[in-house]
Amino acid sequence: MSDIKKFMYVNRRAPYGTVYALESLEVVLIGAAFDQDVSLAFIGDGVYQLKSDQDSSEADQKNFSPIYQALGDYDVTKLYVEKESMEERGLSLDDLMPLTYEDEDDDWAEKDSIRVVTRDEMKELMEQQDVLFNF
Amino acid sequence: MPIEVDGKSLEVDEEGYLANLNDWVPGVAEVMSKEDDLELTDEHWDIINFLREYYEEYQIAPAVRVLTKAVGKRMGKDKGNSKYLYGLFPYGPGKQACRYAGLPKPTGCV
Amino acid sequence: MSILHTVNKSPFEKNALSECLTHSMDGSAILLLEDGVYAAMQGTNFEADVKNALASKKVYALGPDIKLRGLSNDRVIDGIELVDYAGFVDLTESNDKVQAWL
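Chains as they are written, first to last, in this note's numbering: chain A, 1 to 135; chain B, 136 to 245; chain C, 246 to 347.
Okay, chain A solo, but in the shape it has when bound (with noise of 0.2 Å):
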């Protein structure tokens, strides 16, 4: 019997207004240490957490969205966003960064993190969980 644990942090806010998703991301970062089954979830304004070209140039707010691309490297490999709550925001895949990461397993192969699914599949991929984090 394995002990590893299938962990979702499901993130349903949008990222500055609040501080759930930075806080989202730094217990992603942490918890990344303990080699459990991670994956995230972005669902409802969670999905802006991920729009491209976010620029603090003009704000007084740090822009954190890089950190997202260190996923990755964290072993933070499963990224599902859920098309649904795109579309409701006018946005599609497109609209999002680009993020990747190096399969270790396949001679360190670029391949996508972000995978898109539908509102169905999202509550199935939830029911798979053995713990989930709401932020």
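Hints in this document: simulated from the structure, not taken from any laboratory.
The C-beta atom is built at its ideal place from N, Cα and C for all residues, glycine as well.
Check the hints yourself; a few may be wrong.
[Said to hold, decoys possible] Result set (DSSO-like, lysine-lysine): computed pairs, CA atoms no more than 30 Å apart in a straight line: (1) A:78 x B:230; (2) A:6 x B:208; (3) A:111 x B:208; (4) B:204 x A:5; (5) B:204 x B:169; (6) A:51 x C:303; (7) A:123 x A:51; (8) A:62 x B:143; (9) A:78 x B:204; (10) A:111 x B:212.
[What the hints assert, rightly or not] Pulled a few chain C residues facing chain A out of the computed Cβ check, cut under 10 Å: (11) 255; (12) 279; (13) 286; (14) 288; (15) 308; (16) 309; (17) 310; (18) 312; (19) 315; (20) 329; (21) 330.
Put chains B and C on the given structure of chain A with help from the hints.
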């Protein structure tokens, strides 16, 4: 509490990390390493500079195992292992090297 | 007599925008800022509500908050006027009250 570098007084936090990332100059690493009785070599500087580049790109200080993997990819397996990195930075390559590089304490260092 | 209404919440997360739109007089000014700027974008489920408001009210959005969130000025709904921080100050000065919908 502040440290003296090149005639300037720089704020550090209670664990000795630079309070303001933009205050960093190479002298910061020199002063901090002298306090730890450590002589900085080119090998140390390779890691310090690598950390600064990593932070520039990703806005975080990497955890030790992430640093180890990334160094291995960039500089070869003989350097991308914890024995080599702990040899250079006995107080921990994450914490000590990040401190010298002017970065915050690594994210994911428990 | 005039009120500047500000909305700083995402329309998907809170009903601040909807309540602001139903409780503001014709001719009043509405400024979208912080997470409120998501409502300024084309293609969202709230686009029709915002367009409807534009027929009788002035709607503004804070440019720096649009940029921070990676949103494009080109995709702001036609008729919404972009302002910077100085423009925000001007709006508060040219209206005699501010109602912040939180």
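Assess, step by step, whether the Cα of residue 62 of chain A is no farther than 30 Å from the Cα of residue 143 of chain B, and give holds or violated. holds (26 Å)
Straight-line Cα separation of residue 111 of chain A and residue 208 of chain B no greater than 30 Å? holds (17 Å)
Chain A contact restraint on residue 309 of chain C - CB to CB distance below 10 Å: holds (4 Å)
Restraint check, 10 Å cut-off on beta carbons, for residue 315 of chain C near chain A: holds (4 Å)
Given residue 329 of chain C as an interface hint, is the shortest Cβ-Cβ distance to chain A below 10 Å? Constraint on residue 329 of chain C satisfied, holds at 8 Å.
Within 30 Å, alpha carbon to alpha carbon, are residue 123 of chain A and residue 51 of chain A? holds (23 Å)
Pairwise hint evaluation, residue 230 of chain B against residue 78 of chain A, where the allowed Cα distance is 30 Å at most: Distance of about 28 Å is within 30 Å: holds.
Within a Cα-Cα threshold of 30 Å, do residue 6 of chain A and residue 208 of chain B meet the stated pairing? holds (28 Å)
Would the hint on residue 310 of chain C stand, with a C-beta cut-off of 10 Å toward chain A? For residue 310 of chain C, the interface hint holds, since the closest Cβ of chain A sits about 7 Å away, which is under 10 Å.
Per the CB criterion, is residue 312 of chain C less than 10 Å away from chain A? holds (5 Å)
Between residue 51 of chain A and residue 303 of chain C, does the CA-CA distance stay at or below 30 Å? holds (28 Å)
Taking 30 Å as the top limit, are the C-alpha atoms of residue 204 of chain B and residue 169 of chain B close enough? Cα-Cα ~28 Å, so holds.
When each numbered hint is compared with the structure, no violation occurs for any of them.
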